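Asks: Chains as they are written, first to last, in the numbering used here: chain V, 9 to 238; chain B, 9 to 238.
Keep in mind the hints are simulated off the structure, nothing from the lab.
All values reported here derive from a predicted model rather than from experimental measurement.
Wrong hints could be hidden among the right ones.
[As the list claims (entries may be wrong)] Now the in silico label distances, taken between C-beta atoms and shown as ranges: (1) Arg71(B) / Pro33(V): 23 to 31 Å; (2) Leu148(V) / Gln120(B): 49 to 57 Å; (3) Arg71(B) / Ala181(V): 42 to 50 Å; (4) Asp103(V) / Gly61(B): 40 to 48 Å; (5) Gln120(B) / Ala137(V): 47 to 55 Å; (6) Leu104(V) / Gln120(B): 44 to 52 Å; (7) Arg139(V) / Lys35(B): 24 to 32 Å; (8) Arg119(V) / Gly125(B): 48 to 56 Å; (9) Leu31(B) / Leu30(V): 20 to 28 Å; (10) Glu146(B) / Gly82(V): 44 to 52 Å; (11) Gly61(B) / Leu30(V): 30 to 38 Å; (12) Pro143(V) / Leu59(B): 55 to 63 Å.
Ideal Cβ positions, reconstructed from N, Cα and C, are used throughout, including at glycine.
There are 2 protein chains.
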Amino acid sequence: MLGVLGGMGPLASAQFMLRLTLLTPAKRDQDHIPAVLWSDPRVPDRSAARLSGGEDPLPWLARGVAGLKAAGAGAIAIPCNTAHGWYDELRAGTDLPILHIVDAAAEDLARQGIRSGRIGVMGTAGTLAMRLYQPRLEALGYEVIVPESAEMEALVTPGIALVKSNQVADAYAPLAEAAGNLRARGAAAVVLGCTEIPLGILAGPYAEIGVPLVDTIDALALASIRWARG
Amino acid sequence: MLGVLGGMGPLASAQFMLRLTLLTPAKRDQDHIPAVLWSDPRVPDRSAARLSGGEDPLPWLARGVAGLKAAGAGAIAIPCNTAHGWYDELRAGTDLPILHIVDAAAEDLARQGIRSGRIGVMGTAGTLAMRLYQPRLEALGYEVIVPESAEMEALVTPGIALVKSNQVADAYAPLAEAAGNLRARGAAAVVLGCTEIPLGILAGPYAEIGVPLVDTIDALALASIRWARG
Numbered sequence: 009m010l011g012v013l014g015g016m017g018p019l020a021s022a023q024f025m026l027r028l029t030l031l032t033p034a035k036r037d038q039d040h041i042p043a044v045l046w047s048d049p050r051v052p053d054r055s056a057a058r059l060s061g062g063e064d065p066l067p068w069l070a071r072g073v074a075g076l077k078a079a080g081a082g083a084i085a086i087p088c089n090t091a092h093g094w095y096d097e098l099r100a101g102t103d104l105p106i107l108h109i110v111d112a113a114a115e116d117l118a119r120q121g122i123r124s125g126r127i128g129v130m131g132t133a134g135t136l137a138m139r140l141y142q143p144r145l146e147a148l149g150y151e152v153i154v155p156e157s158a159e160m161e162a163l164v165t166p167g168i169a170l171v172k173s174n175q176v177a178d179a180y181a182p183l184a185e186a187a188g189n190l191r192a193r194g195a196a197a198v199v200l201g202c203t204e205i206p207l208g209i210l211a212g213p214y215a216e217i218g219v220p221l222v223d224t225i226d227a228l229a230l231a232s233i234r235w236a237r238g
Numbered sequence: 009m010l011g012v013l014g015g016m017g018p019l020a021s022a023q024f025m026l027r028l029t030l031l032t033p034a035k036r037d038q039d040h041i042p043a044v045l046w047s048d049p050r051v052p053d054r055s056a057a058r059l060s061g062g063e064d065p066l067p068w069l070a071r072g073v074a075g076l077k078a079a080g081a082g083a084i085a086i087p088c089n090t091a092h093g094w095y096d097e098l099r100a101g102t103d104l105p106i107l108h109i110v111d112a113a114a115e116d117l118a119r120q121g122i123r124s125g126r127i128g129v130m131g132t133a134g135t136l137a138m139r140l141y142q143p144r145l146e147a148l149g150y151e152v153i154v155p156e157s158a159e160m161e162a163l164v165t166p167g168i169a170l171v172k173s174n175q176v177a178d179a180y181a182p183l184a185e186a187a188g189n190l191r192a193r194g195a196a197a198v199v200l201g202c203t204e205i206p207l208g209i210l211a212g213p214y215a216e217i218g219v220p221l222v223d224t225i226d227a228l229a230l231a232s233i234r235w236a237r238g
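Could you build the full structure based on these sequences and the hints that come with them?
Replies: Now the structure itself:
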């Protein structure tokens with residue numbers, strides 16, 4: 009049984025469950041992957057904890073992992089990029105494997121035939137500040153670029169907040185503009201490295217951005233299906 | 009915390025989580041409703057159990073309720089109409105309140121201003137055989153009509169199976185035809201009384217069916233929000 013540590017945000021983890029189902033080859037209910045979703049949106053804001061001394065989310069995350077283990081989970085997927093800033097602490101506190109969303113994103117880049125070059129990474133301010141993507145992608149031979157501070161403040165952070173407040177369609181324009189700026193700076197692909205971002209991007213004419221995209225919700229769902237079937 | 013006994017099917021319960029989130033007034037993650045989704049698609053087929061002596065799903069359902077209680081749930085929502093055939097047995101085995109999907113559907117009829125008259129109810133063969141909707145809607149003054157046997161075999165049952173096998177768009181035509189037939193027989197509204205049916209209906213131009221619809225996924229999500237906020 010797959011354990012999904014969600015609620016960060018709740019729309020992203022619901023979308024993860026939907027995509028997990030749709031991406032699973034199945035003919036009937038009983039062919040699908042058993043899963044438990046722990047959707048606790050009360051987890052303190054991950055970026056605020058990293059950047060401005062906000063409440064530590066680790067006890068909340070660890071409680072979710074324990075709840076999922078008690079429910080019978082054999083592995084954990086976390087459809088929130090920023091929460092992976094506490095990946096090592098969570099791994100140290102459980103004997104369950106935890107799928108890493110950056111590894112899943114890298115596998116999706118390879119699936120799309122992008123095996124080197126410059127990669128744009130969009131994410132929360134917390135994810136970028138803790139350099140969640142750079143070491144793992146650079147070890148694979150990629151060069152990582154991220155939005156500039158002014159773009160984060162004007163486009164990416166407000167776009168993520170719009171999704172979290174259910175104004176999904178309004179999030180498209182600022183998020184697509186930031187992705188387009190990364191393309192203009194030479195990105196061969198753009199990783200949507202916050203699970204709210206694909207929700208906003210997919211709510212508009214995303215093909216017009218003109219660059220391959222990595223949807224980290226789908227990437228983690230595909231990695232989860234590989235775990236369940238492997 | 010809301011406990012969601014899902015997986016029947018898994019796409020319907022994922023959609024329930026998505027709609028629960030989108031229908032909740034919220035400005036940030038922390039405004040959303042904490043929930044745990046138990047998505048076990050291995051629960052034996054509910055219609056087969058009722059109609060042809062298939063394996064009893066009750067032990068699987070009760071295990072899910074117990075798992076949700078252990079996770080801290082304060083009430084249970086079950087986004088599967090047919091599973092409500094075991095409602096009384098589940099209620100007898102737990103001290104948690106279980107929201108009833110037929111009550112939620114009736115509340116949605118009233119919300120749409122439909123307070124009497126003939127109502128079409130679509131559902132699985134199991135739901136119709138056990139007359140899940142008739143006593144509750146008739147007690148409120150409605151008259152209930154359902155698809156004829158030939159329509160169940162040719163349209164409704166195959167449409168539900170298409171959703172369960174992820175062929176959601178293909179499910180629209182047969183399900184919409186069955187809903188249109190109920191309208192032609194004088195239904196003032198049609199209750200999509202199997203949580204796969206709204207997924208198929210919403211995948212096509214459902215406004216052309218020309219009759220008010222009750223989406224039992226949304227109806228149960230709205231009832232759940234009332235519970236969480238009340």
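Asks: Hint by hint, which ones does this structure get wrong, listed from lowest number up?
Replies: none
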